[in-house]
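**Q** Line order of the protein sequences matches chains C and D. Residue numbers for the first sequence follow our numbering, beginning at 53 and rising by one. Residue numbers for the second sequence follow our numbering, beginning at 3 and rising by one.
Hints in this document: simulated from the structure, not taken from any laboratory. Take every hint as true, because none was put in to throw you off.
Straight line, CA to CA, 25 Å or less: simulated DMTMM-like cross-link-like pairs of lysine to aspartate or glutamate: (1) Lys-130(D) with Asp-347(C); (2) Lys-222(C) with Glu-250(D); (3) Lys-366(C) with Glu-69(D); (4) Lys-15(D) with Glu-83(D); (5) Lys-392(D) with Glu-531(C); (6) Lys-186(D) with Glu-296(C); (7) Lys-366(C) with Glu-192(D); (8) Lys-281(C) with Glu-190(C); (9) Lys-152(D) with Asp-500(C); (10) Lys-130(D) with Glu-350(C); (11) Lys-222(C) with Glu-94(D); (12) Lys-258(D) with Glu-191(C); (13) Lys-258(D) with Glu-350(C); (14) Lys-469(C) with Glu-69(D).
Here are a few chain C residues that sit away from chain D, every Cβ distance over 10 Å (derived from the structure): (15) Ala-189; (16) Ile-374; (17) Leu-424; (18) Glu-458; (19) Glu-461; (20) Glu-466.
Here the structure is a predicted model, which means the values were calculated and not measured. Ideal Cβ positions, reconstructed from N, Cα and C, are used throughout, including at glycine.
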Amino acid sequence: MTSLKMPALDQAVLERRAQIVASLQAIVPGEGVVADENAMRVFESDGLTAYRALPFVVVLPETVQQVADVLKYCNGEGIKVVPRGSGTSLSGGALPLEDAVLLVMSRFSRVLEIDYPNRCAVVQPGVTNLGITHAVAEEGFYYAPDPSSQIACSIGGNVAENSGGVHCLKYGLTANNVLGIEFVTIEGEILRLGGKHLDAEGYDLLGIMTGSEGLLGVVTEVTVRILQKPETARALLVGFPTSEDGGQCVADIISDGIIPGGMEMMDRPAIHAAEDFVQAGYPLDVEALLIVELDGPEAEVDYLIDRVEAIARKNKSSTLQISNSEDERNTFWAGRKAAFPAVGRISPDYYCMDGTIPRKELPTVLARMRELSDHYGLRVANVFHAGDGNLHPLILYDANVPGELEKTEEFGAEILKLCVEVGGVLTGEHGVGVEKRDLMPEMFTEDDLKQQQRVKCAFDPDQLLNPGKVFPQLHRCAELGRMHVNKGKLPFPDLPRF
Amino acid sequence: MSSEKPESDFHSKTNDDVLAAVRWAAAEEIPLEVIGQGSKRAMGHPTQTAHTLSLGGLSGITLFEPEELVLSAKAGTPLAEIQTLLDQHHQEMQFEPCDLGPLLGATAGQGTLGGLVNTNICGPRRLKAGSVRDHILGINAVSGRGEAFKSGGRVVKNVTGYDLAKGVTGSYGTLAVLTDITIKVLPRAETEKTLALSGLSDDQATQAMAMALGSSAEVSGAAHLPAGIADDQSVTLLRLEGFMPSVEYRIENLGKLLADFGRHEQLDAETSRGQWWAVRDILPFAEHQERAVWRISCTPDRGHKIVSDIRDRCDARAFYDWQGGLIWLEMPDGQPQADRIREAVSSHGGGHATLIRADATARRADPVFQPQPAPLAALSNRYRKNFDPKGILNPGRMG
Numbered sequence: 053m054t055s056l057k058m059p060a061l062d063q064a065v066l067e068r069r070a071q072i073v074a075s076l077q078a079i080v081p082g083e084g085v086v087a088d089e090n091a092m093r094v095f096e097s098d099g100l101t102a103y104r105a106l107p108f109v110v111v112l113p114e115t116v117q118q119v120a121d122v123l124k125y126c127n128g129e130g131i132k133v134v135p136r137g138s139g140t141s142l143s144g145g146a147l148p149l150e151d152a153v154l155l156v157m158s159r160f161s162r163v164l165e166i167d168y169p170n171r172c173a174v175v176q177p178g179v180t181n182l183g184i185t186h187a188v189a190e191e192g193f194y195y196a197p198d199p200s201s202q203i204a205c206s207i208g209g210n211v212a213e214n215s216g217g218v219h220c221l222k223y224g225l226t227a228n229n230v231l232g233i234e235f236v237t238i239e240g241e242i243l244r245l246g247g248k249h250l251d252a253e254g255y256d257l258l259g260i261m262t263g264s265e266g267l268l269g270v271v272t273e274v275t276v277r278i279l280q281k282p283e284t285a286r287a288l289l290v291g292f293p294t295s296e297d298g299g300q301c302v303a304d305i306i307s308d309g310i311i312p313g314g315m316e317m318m319d320r321p322a323i324h325a326a327e328d329f330v331q332a333g334y335p336l337d338v339e340a341l342l343i344v345e346l347d348g349p350e351a352e353v354d355y356l357i358d359r360v361e362a363i364a365r366k367n368k369s370s371t372l373q374i375s376n377s378e379d380e381r382n383t384f385w386a387g388r389k390a391a392f393p394a395v396g397r398i399s400p401d402y403y404c405m406d407g408t409i410p411r412k413e414l415p416t417v418l419a420r421m422r423e424l425s426d427h428y429g430l431r432v433a434n435v436f437h438a439g440d441g442n443l444h445p446l447i448l449y450d451a452n453v454p455g456e457l458e459k460t461e462e463f464g465a466e467i468l469k470l471c472v473e474v475g476g477v478l479t480g481e482h483g484v485g486v487e488k489r490d491l492m493p494e495m496f497t498e499d500d501l502k503q504q505q506r507v508k509c510a511f512d513p514d515q516l517l518n519p520g521k522v523f524p525q526l527h528r529c530a531e532l533g534r535m536h537v538n539k540g541k542l543p544f545p546d547l548p549r550f
Numbered sequence: 003m004s005s006e007k008p009e010s011d012f013h014s015k016t017n018d019d020v021l022a023a024v025r026w027a028a029a030e031e032i033p034l035e036v037i038g039q040g041s042k043r044a045m046g047h048p049t050q051t052a053h054t055l056s057l058g059g060l061s062g063i064t065l066f067e068p069e070e071l072v073l074s075a076k077a078g079t080p081l082a083e084i085q086t087l088l089d090q091h092h093q094e095m096q097f098e099p100c101d102l103g104p105l106l107g108a109t110a111g112q113g114t115l116g117g118l119v120n121t122n123i124c125g126p127r128r129l130k131a132g133s134v135r136d137h138i139l140g141i142n143a144v145s146g147r148g149e150a151f152k153s154g155g156r157v158v159k160n161v162t163g164y165d166l167a168k169g170v171t172g173s174y175g176t177l178a179v180l181t182d183i184t185i186k187v188l189p190r191a192e193t194e195k196t197l198a199l200s201g202l203s204d205d206q207a208t209q210a211m212a213m214a215l216g217s218s219a220e221v222s223g224a225a226h227l228p229a230g231i232a233d234d235q236s237v238t239l240l241r242l243e244g245f246m247p248s249v250e251y252r253i254e255n256l257g258k259l260l261a262d263f264g265r266h267e268q269l270d271a272e273t274s275r276g277q278w279w280a281v282r283d284i285l286p287f288a289e290h291q292e293r294a295v296w297r298i299s300c301t302p303d304r305g306h307k308i309v310s311d312i313r314d315r316c317d318a319r320a321f322y323d324w325q326g327g328l329i330w331l332e333m334p335d336g337q338p339q340a341d342r343i344r345e346a347v348s349s350h351g352g353g354h355a356t357l358i359r360a361d362a363t364a365r366r367a368d369p370v371f372q373p374q375p376a377p378l379a380a381l382s383n384r385y386r387k388n389f390d391p392k393g394i395l396n397p398g399r400m401g
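Just need the whole structure built from these sequences, with the hints factored in.
**A** Given below as structure tokens:
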């Protein structure tokens, strides 16, 4: 494990462990409190496995009232709380703290209501992303955002991370597909934002809560939009001699007014790793491979396939296949969907990065990444949500080689700085967590970050919820609240007034 | 509203001007009314401030990359200028901004990007494409503390930090003064057609719209205009947009699906646009300026019950957008009857009612925005104070 500075341990809390555990057991009886060290081991990490910490105690509440009572108790006693869904975060959002209650929401696993006339579903936060689709599939509906961990990740975690996925170019992120939530504040208040109506009233606190990484409240119910499944989907698999050609093809498709259901690109190392692993029939002599999926009514899909084919040929495609059956379409995707494990086969370890760039910068970024790869002596494979500029470089390393993880993290940080430098951002869909926390000043000024932290203060003035995540520095709310205006020293001679 | 004309104005042309003005106001604790062109000034609670901070001069499109689907502009940029540019590139703001000018008794075609973002009011395509808040990518702003800050960026996939860009959308200028705004833009549909069903009751129309929206027809507008709104008999409009072969195919299928709902006709692109323009800009209620108008956001299939409850007690007129989830309600006179309206909403699945048009006296007397439960109101208040602790930006505008 590399060094990661976390908030100082609260010795007073550590010393009162037995008493705190007993109080929590009184709130959540039975199996709901896990305090045994061996039993807690399973929770010591999330999807970012480089970091581990044993929780102080694990609580698995079953009712909203229990959540409220636990939070109220912790707030009263000054005990930190780390909320956790399925623990699939790739940025360490659910990394436990040794002096914090780990509040695990997995027992909130019921679909509460499916409302087809209003095309929404009301679910508990522990329901998996794919579980929502399964619950409504019979009537031909689905839930659109599809993070790659969808079989395991929970909708509550999706709200916390504002998760995306392959289909979000056309159908939006979690934030665009959630109509309402119920959540509990650190003070134990149970609040509702939005509902089955399309616009929530007042300030857009739903927009703030979505993607807040468990720092503002604990979500206990989610109302999501469900969509009618498209009639059909077909895909094109197109190889290009250069990433520039592939990138131009993507730009031309969009300039032609076409927003595909999915548009994914892989670079040569990723293509080779995937092909070796699943034999999807990918061409091996290309620098970029593009999968374009068109979904919708049959008449539309057939029409657009022809248009996209023409655009691809104009952009010097060297190979081009079009799916004529579901089997073929699934084969095109098989390699892309297996890209991560495929890379895992050719290297003892890999580190998955997540930055977003303006699409046109792709060739520049890939070229710079190759230079960095040479510099660090570490291989890198790229998969790219080409439609929206979300890049996932996979850095190949061996954790057993001393110093290689540190070198990998440094390489990763350089890539993310590069993303910001070309006009992009530090994270497209994985979240900041602990992983990119210390890089936040690359993108934000001190004032930018302070304003974000003031939002935190409105929800959680004592900063007990998931501390040590997202923000590189913890400012006390009292300090953030001070006004630094210099009365009388801001004269106004130049401002036109009348 | 000439009676609300301020005594003194600041005209900011640069971000630094805005920063200086807000810093001064924060230091002196003197409230500012923040306006773009003032086209939506008659909405919300009237503010009483001695000074106005006008952003009309803070104007200009600073970035437009059609192939990247992104546009940035200064907050005071006229919407018309943005729409003209997008039009030239066959693109649009997909949330379909409403022009509230005719409804509010002002000139059509006014309004700025900043005003649009601050009110978060959008048109019929809301039910498919989302609202303004779903298309905002990044902002630069000056908080009521007199600090410049930014949030978001220029790319669609971005979860870096809290989404303050959404967090200030719809805040009626009470949190921060926006200086720069970046939005997602999208290709304009190649064509459109509308399936128009005639003579349905509100109840039947609700069923027809739910059936259409639950099909794979990809309906991008679903409105019901009861008898007496547009015509002697009611009309239910279902809009399909996209590439011509797709629209043709879908409208045929949709017609078959809804065959049991009686007579229907297909409106061509031009007729369709005209109909949706009227729905979007609430033209049916432009005429009687003295009457109060409500905008109600509710559970789509409960909308007609809310209207029925209200109409049992007074002679209000209403039409529905968003499959019934958006009600435009015109009262018989200038009395908003806020309690009666909100009671009807809460007894049918909840939602919220906003008083969009009423004279200043009524807007002072009645809560323009839906009152929130006490704990949520307290959180909203703390949220606001963390942007604007002295309450100098549009104080009282949101109640």
